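Participant: Residues per chain are reported as follows:
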Amino acid sequence: MAFTLEDIEHLAALARLKLSDEEKEMYQAQLADILAYFDVLQKLDTSGVPPTASILPKDTTLRPDAVRPSLPPETVLANLDEADREANQYRVDAILEG
Amino acid sequence: MTDLTTLTIKQAGDGLRAGDFTSVELTQAFLARIEAVEPTIGAYLTVTGDTALQQAQAADDRRQGGDDNPLLGVPLAYKDVLTTAGIQTTCGSRILEGYLPPYTATAVERLEKAGAVMLGKLNMDEFAMGSSTENSGYQVTRNPWDTNRVPGGSSGGSTAAVAARLAAGTLGTDTGGSVRQPAALTGVVGLKPSYGRVSRYGLVAYASSLDQVGPLARTVEDAALLLNAIAGHDENDSTSIELPVPDFTEALTGDISGLRVGVPDEYFAQGGLQPEVEQAVRAAIAQLENLGASVKPVSLKLLDYAVPVYYLIATAECSANLARFDGIRYGPRENTGSVFDTYRETRGAGFGPEVKRRIMLGTFVLSEGYADQYYVKAQQARTLIRQEFDALFEDVDIIAGPTSPTTAFPIGERVDDPLQMYLSDIYTISVNLAGLPAISVPCGFDDGGLPIGLHLIGPAFAEDKILAAAHAYEQAAEWTTRLPAV
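Line by line, the protein sequences are chains A and B.
So the first sequence is numbered by this note's numbering: it starts at 1 and just counts up by one.
So the second sequence is numbered by this note's numbering: it starts at 1 and just counts up by one.
It cannot be assumed that every hint is accurate.
Unchecked claim - To spell it out: a stretch of chain B is covered by chain A in this simulated footprint if at least three of its residues, at any positions, have a beta carbon under 8 Å from a beta carbon of chain A; those stretches are: (1) 97 to 103; (2) 323 to 335.
Unchecked claim - Away from chain A, derived, C-beta distances all over 10 Å, residues of chain B: (3) 39; (4) 63; (5) 67; (6) 235; (7) 242; (8) 275; (9) 299; (10) 394; (11) 475.
Derived from the structure by calculation, the hints contain no laboratory data.
Here the structure is a predicted model, which is why all the values come from computation and not from measurement.
For glycine and all other residues, C-beta sits at the position ideal for the given N, C-alpha and C.
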C-alpha cells in the first residue's frame, strides 16, 4: 500500500488533524511501512470465520433504565473559561451560516 | 526505624494494624522520598501531597474507630489515564492540560473507599500509546535500575514509581501489554486482569475492546490485594462482568503441584529475543517444574499475526475514541472562527506524533474501500486467535514465556522506528485480543543488571491460577527482594 501526499491530506481531513508538511511526509512513509508489515495477515485464511464482536464470556449486564441524578452543571462546566462558565454554556464557532 | 518505603503493601498494612506507625507517618515517608528521588525518575505528573496527608489522617481516624482492611492507610498512586474528580488528569497529553474531571474512575474510587491514600498521578505514554513512556507530552520517566534507560510503557510512571519506592503500589492500564511490559522492564509485578474483571468507568478510552485496569506492586500478594479491591461488576460499565470475585490471596498457597504449564515453541523462535531473557525465562520455567508443575511444549501458530491484528483493531478504535478531543469540552482550544479549523488546529497542536500516527492509521483502516481488507480481516483473525487459546487451555492450565523480548532499552533508541517499538509487545498483545488475564513477575537480571520478567497467561477469569503460579515462583526465587540503588 503506497500513499500519495493527497491520500495523507485526505486522511488528515477525515481525522480532523492539522499536519505540518514534515508530518505529512513522515506519515506518508511510515503508514506504508507499517501496512507493508501488516500484509502478512493477508496470508491467513479467514474465509467463513465470523469477526469478533465481543470477547465477553456472557452478555453484558445492563442497569435498570431509571432516571438517576446527573452531575451538577457547575462541575461539568468547570473546565470552561470564565465567560462560558458564567453563561452556563459551551460557546462554539457557527457550524451553519445563517 | 526501618525505611517505611521499603515495605510491601502487605507489610505496611500489618504495621498499621499493629500500631507500629500511622498512615500519616507512612505517607510522609513516601512524600519525602518523592521529593528526594522524583527529580531523578520523573514518575509523577501530579503529586497531591496535601490531600494525601488529609486522606492519611482520615485513614488513621477510621482505624482508631475500629475499621480495618489491608489497604486502609496505604499510599498508592494512579496512572494519569484514570480520572480523579477535581484533580488534573491529562492522559499524558497536552490536549488535556489542565483538565479537571467531574468524576473519579471506579477502580480508584474503590481503593479510596477502602481507605487507600492517593499520592498523585503518574506519567504515561500519551493516551497509553507506546511502550517506553517517551510519548508523554510532558516528561521522560527514567528506569530506576538505569536512569539512561526507559521504564517501558505505557504505564512507565506506574512501574517506575513502584520500583523506586515512590508509592507502595500503583494502578496502570493494559491495552496491549502496558502493565506487563513496563513491569518486566522495571522488575516489579504487573497484573492484567481478564477483560470484564475490572470496571473501565473513568479509564479514558484508547481501545475499548482491549483496555483493562491492572495493579502494579512489589509482590504477587500485593497485586492480589489490589485486585481484590478493584475487581467486580460496576453498573457504570456494562462490560464489567457480573461474576463472583474470590479473595485472590487465597490462591497464594505456594502449592502448584499438578499445575499444567504450556510453553509455546514460537515464543523462543522469535528473532530479537535477547539470549539472557531466554535463559532467565527457561530457568524460571524449570523452577516451576521443580515446584511440582508439569511443563509441556505447546504451539501458538498465530503468534506472528498478533501484532498486525492488534494494531489494526486498536488504531481503528482509537481513531473513533479520540474524536471527542476537539477543544470544545476539555483542554485548551485553538480558536479560529471556523468550527472545522478549530478542531483541526486544536488536535494538530494538542496530540503528539504517536497519537497522530495511530489516529491516521485507524482512520485509514476504517475508511471506505479498505475496511473489509484491514479492519474486518483483523476481527476475523482475532476470532481465530481466541479459538487457538481456548483450545490450548483444554490441555494446560496456564501458559508461560517471556514478557518482553528484551530488557530496558536506552532512552531515544526506538523513538524514530514505530514498527520496532510495536514489536516489543509481541508476547503481551495476543492476551488482550483474547481478553485473558496475565501477569509479569520478576525472574532475574541480564548482565547489565536490568530486570527480566516471566509472563504467565491464564484462561479468562482464572486470575487465581496465574497468581498462584507467580507467587509460588516468586517465593522460591526471591528476586523481588532486590531493590534498585536509586
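Participant: If a hint holds in the structure, say so; if it does not, say that too.
Facilitator: A quick look at each hint next to the structure:
Check on the stretch 97 to 103 of chain B: 5 of its residues sit with their Cβ under 8 Å from a Cβ of chain A, so the three-residue criterion for coverage holds. Under a criterion of three residues with beta carbons nearer than 8 Å to beta carbons of chain A, the stated coverage of the stretch 323 to 335 of chain B is upheld, 7 such residues being counted. Here residue 39/B stays apart from chain A, with its beta-carbon at least about 30 Å from theirs, past the 10 Å limit. For residue 63/B, the non-interface assignment is confirmed: its Cβ lies about 31 Å from the closest Cβ of chain A, beyond the 10 Å cut-off.
Look at residue 67/B: its CB is around 28 Å from the nearest CB on chain A, clear of 10 Å, so calling it non-interface holds up. Non-interface call for residue 235/B relative to chain A: violated, since the shortest CB-CB distance, roughly 4 Å, does not exceed 10 Å. With a minimum CB-CB distance of about 5 Å to chain A, residue 242/B fails to clear the 10 Å threshold, and the non-interface call is violated. No Cβ of chain A comes within 10 Å of the Cβ of residue 275/B; the nearest lies about 25 Å off, and the non-interface call holds.
Non-interface call for residue 299/B relative to chain A: holds, since the shortest CB-CB distance, roughly 16 Å, exceeds 10 Å. Annotated as non-interface, residue 394/B keeps its C-beta farther than 10 Å from every C-beta of chain A; the closest such distance is 16 Å. Residue placement check: residue 475/B keeps its beta carbon more than 10 Å from all beta carbons of chain A (closest about 31 Å).
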